[in-house]
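For what it's worth, the working numbering labels the leading residue of the sequence shown as 324, then goes sequentially.
No wet-lab data here; the hints were simulated from the structure. None of these values were measured; they are calculated from a predicted model. Careful, some of the hints might be misleading.
Said to hold, decoys possible - Result set (DSS-like, lysine-lysine): computed pairs, CA atoms no more than 25 Å apart in a straight line:
| no. | residue 1 | residue 2 |
| --- | --- | --- |
| 1 | 367 | 432 |
| 2 | 391 | 442 |
| 3 | 391 | 432 |
| 4 | 362 | 349 |
| 5 | 358 | 426 |
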Amino acid sequence: MNPITLAYIGDAVYELYIREFLINLKLVKVKDLQKESLKYVSAKSQRRCLENLIESNFLTEEEIDIYKRGRNAHGRKNSNTDIITYKIATGLECLIGDLYLNKNYQRIKEIMDFIVRQKWKYMAKMYLKN
Numbered sequence: 324m325n326p327i328t329l330a331y332i333g334d335a336v337y338e339l340y341i342r343e344f345l346i347n348l349k350l351v352k353v354k355d356l357q358k359e360s361l362k363y364v365s366a367k368s369q370r371r372c373l374e375n376l377i378e379s380n381f382l383t384e385e386e387i388d389i390y391k392r393g394r395n396a397h398g399r400k401n402s403n404t405d406i407i408t409y410k411i412a413t414g415l416e417c418l419i420g421d422l423y424l425n426k427n428y429q430r431i432k433e434i435m436d437f438i439v440r441q442k443w444k445y446m447a448k449m450y451l452k453n
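Hey, can you work out the whole structure from these sequences and the hints?
Rendered as structure tokens:
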């Protein structure tokens with residue numbers, strides 16, 4: 324399947340997971356939900372998440388290959404970020420989309436749980452630094 328198509332569905336799955344996670348934190352105001360979700364769903368955030376997944380050796384070789392296929396695909400660049408960050412984020416979305424369409428829901432959960440845990444660690448470090 325076209326990597327951009329995989330990224331399209333992967334973006335939706337990724338964002339749904341994050342939204343559900345935030346609602347389970349008992350955030351109820353849409354303004355607060357939107358503000359918090361940006362910490363996870365922006366291209367910059369997705370780039371950091373993907374880099375953490377790779378640095379931690381969390382992804383399989385096959386998953387890295389799928390990510391790279393998405394990263395290298397020719398898609399339309401979002402004007403809110405640089406091209407490299409956009410391509411890396413697209414690669415992550417492509418991976419999530421591929422896992423979703425192959426009904427590998429358990430692996431999506433493992434990856435998304437890792438992402439959420441890493442983000443919390445990062446935010447705790449920033450909080451303690453100040």
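Evaluated hints:
no., hint, verdict
1, 367 <-> 432, "21 Å, holds"
2, 391 <-> 442, "22 Å, holds"
3, 391 <-> 432, "21 Å, holds"
4, 362 <-> 349, "17 Å, holds"
5, 358 <-> 426, "30 Å, violated"
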